[in-house]
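**Student:** Chain by chain, the residues:
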Amino acid sequence: MPAFISRHRSFFTLLAVVAAQVLLLSFQINRNNHVRLIRYWAVAVFDPLERSLGGLMNVSSNAYRSYRHLWRAEQENQELHIQLVAAQEQIQRLGEEAGEAQHLRTLLEFKNQLAFQTVAAEVIFSSPGDITSSPGESSNAIYIDKGSDSGLTSDLAVITPEGVVGKILAVFPHSAQVLLITDRSSGVGVTLATSRVQGILKGGSNGLCGLHYVMNEEAVNRGEALVTSGLDRVYPKGLPVGTVVNVGDGGIYKTIGVKPSVDLNRLEMVLVVLKPTPTEQQALNSAR
Amino acid sequence: MPVSTQRPVAVFKVHPAIVSLAALAALLLQTFLPLKLPLARLMDFPLLVTIYFALMRREKAFGIALGTGLGLLQDALSHGYIGIFGIAKAIVGYLAASASTRFELESLVARTVLTGVFVLVHSLCLAALQHALLEAPPPFQPIAIASAVLVNGALGLILFQILDRFRRPA
Numbered sequence: 001m002p003a004f005i006s007r008h009r010s011f012f013t014l015l016a017v018v019a020a021q022v023l024l025l026s027f028q029i030n031r032n033n034h035v036r037l038i039r040y041w042a043v044a045v046f047d048p049l050e051r052s053l054g055g056l057m058n059v060s061s062n063a064y065r066s067y068r069h070l071w072r073a074e075q076e077n078q079e080l081h082i083q084l085v086a087a088q089e090q091i092q093r094l095g096e097e098a099g100e101a102q103h104l105r106t107l108l109e110f111k112n113q114l115a116f117q118t119v120a121a122e123v124i125f126s127s128p129g130d131i132t133s134s135p136g137e138s139s140n141a142i143y144i145d146k147g148s149d150s151g152l153t154s155d156l157a158v159i160t161p162e163g164v165v166g167k168i169l170a171v172f173p174h175s176a177q178v179l180l181i182t183d184r185s186s187g188v189g190v191t192l193a194t195s196r197v198q199g200i201l202k203g204g205s206n207g208l209c210g211l212h213y214v215m216n217e218e219a220v221n222r223g224e225a226l227v228t229s230g231l232d233r234v235y236p237k238g239l240p241v242g243t244v245v246n247v248g249d250g251g252i253y254k255t256i257g258v259k260p261s262v263d264l265n266r267l268e269m270v271l272v273v274l275k276p277t278p279t280e281q282q283a284l285n286s287a288r
Numbered sequence: 001m002p003v004s005t006q007r008p009v010a011v012f013k014v015h016p017a018i019v020s021l022a023a024l025a026a027l028l029l030q031t032f033l034p035l036k037l038p039l040a041r042l043m044d045f046p047l048l049v050t051i052y053f054a055l056m057r058r059e060k061a062f063g064i065a066l067g068t069g070l071g072l073l074q075d076a077l078s079h080g081y082i083g084i085f086g087i088a089k090a091i092v093g094y095l096a097a098s099a100s101t102r103f104e105l106e107s108l109v110a111r112t113v114l115t116g117v118f119v120l121v122h123s124l125c126l127a128a129l130q131h132a133l134l135e136a137p138p139p140f141q142p143i144a145i146a147s148a149v150l151v152n153g154a155l156g157l158i159l160f161q162i163l164d165r166f167r168r169p170a
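Taken in order, these protein sequences are the chains called A and B.
By my numbering, the letter at position 118 of the first sequence is numbered 118, and the numbering carries on one by one without gaps.
By my numbering, the letter at position 127 of the second sequence is numbered 127, and the numbering carries on one by one without gaps.
Careful: at least some of the hints might be erroneous.
[Said to hold, decoys possible] Simulated coverage check for chain B against chain A, where a stretch passes if three residues somewhere in it have a Cβ under 8 Å from a Cβ of chain A:
(1) 56-64
(2) 72-82
(3) 87-94
(4) 129-139
Hints are computed from structural coordinates only; laboratory data are not their basis.
Since the structure is predicted, the reported quantities are computational estimates derived from the model, not experimental observations.
Glycine included, C-beta positions come from ideal geometry on N, C-alpha and C.
Please model the complete structure; the sequences and the hints are all you need to start from.
**Tutor:** Here it is, written out as structure tokens:
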């Protein structure tokens with residue numbers, strides 16, 4: 001570059017001289033409204049630059065402001081999301097607590113209505129299926145959180161407001177195993193609510209029970225309710241057991257399928273019927 | 001007209017006092033003569049002096065300096081803006097010095113033609129500057145420009161003959 005300038009020194013000298021005189025002229029010549037040409041040119045040169053700079057600053061400022069808004073919105077969103085999750089959990093918990101409270105209230109009301117003493121217990125887990133159950137079948141025994149320390153013994157009836165659940169099979173100090181009525185080894189003395197036909201309810205398959213020892217001649221209708229007969233001396237009389245879902249004639253006896261009135265897959269709280277005292281037993285007998 | 005590479009170029013020098021006196025005389029004539037002779041309004045004595053000495057000295061820097069100086073003085077003595085004539089005569093001084101290295105300038109024809117060309121360049125520069133800088137420039141007058149070219153061309157013939165008496169071979 002310096003070589004180029006020195007080679008054309010006279011030309012650049014001319015340019016410098018002309019530029020200096022143009023500058024001199026700009027201080028003398030006035031444009032509209034008596035504005036000197038030099039000021040006119042200066043404004044013309046710097047105005048676009050200032051506008052561009054101002055625009056750039058505006059854009060940058062807006063971008064930064066938008067970013068901050070977004071960042072704040074993101075923070076707020078995260079906080080709200082956390083609050084929402086917490087609120088939803090609280091709602092769910094409260095719902096469950098309300099459901100549980102309602103269930104307990106129902107259980108308490110039912111317990112208060114009963115003529116015999118009961119102990120409320122919570123189902124803690126179900127035992128794995130044994131060799132008598134088919135693969136995939138749900139378990140036919142559950143564990144409750146009351147045991148011998150609560151006065152429980154074996155062969156006590158376990159019920160809910162919906163009906164009969166089963167009976168206590170084994171007792172431990174702080175828990176007890178309950179055999180459900182759907183187990184094949186279970187047996188409940190029942191009476192058909194309408195026809196008053198008696199039979200024995202035994203566990204079946206697929207969550208159903210079977211009513212046994214009902215003669216083919218007896219009239220049994222689908223949808224008919226079953227209640228405990230009390231003859232097995234385990235379950236108090238008159239407790240709901242289930243509903244007839246299918247009826248067929250067998251060799252001698254009918255084949256009757258019964259759906260339990262209690263949803264045995266959703267047990268949470270149960271009542272264990274305690275053995276009545278002799279006085280209570282007398283009162284029960286006179287009530288019958 | 002182009003300079004032959006085989007024929008030596010004549011180089012002359014002029015005493016600085018002659019240059020100064022010529023410049024002064026040109027300015028005086030420029031300010032005085034138009035009052036007495038209407039045709040003198042078309043004449044530009046400082047321009048002719050710039051052309052002559054730029055051609056003679058064959059130095060571009062000298063041509064620029066002489067043209068700028070005479071132009072600014074002419075501006076200062078006129079009622080116009082200072083710098084208009086300075087710019088135009090600086091350009092003419094540069095071009096004249098450039099041309100002097102390329103063309104044989106001893107013949108009258110060459111001098112007359114070149115003088116006419118430079119007067120035209122000078123007039124066009126003035127018009128361009130006025131249109132570029134002034135808000136209300138004067139109208140472009142080609143006839144006046146052509147007249148100035150003819151008048152100054154003829155004047156240059158006479159003036160250059162007079163000034164040739166004061167030059168010496170370098």
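**Student:** May I ask which of the numbered hints given earlier this structure violates, with the numbers listed in increasing order?
**Tutor:** Result: no hint breaks.
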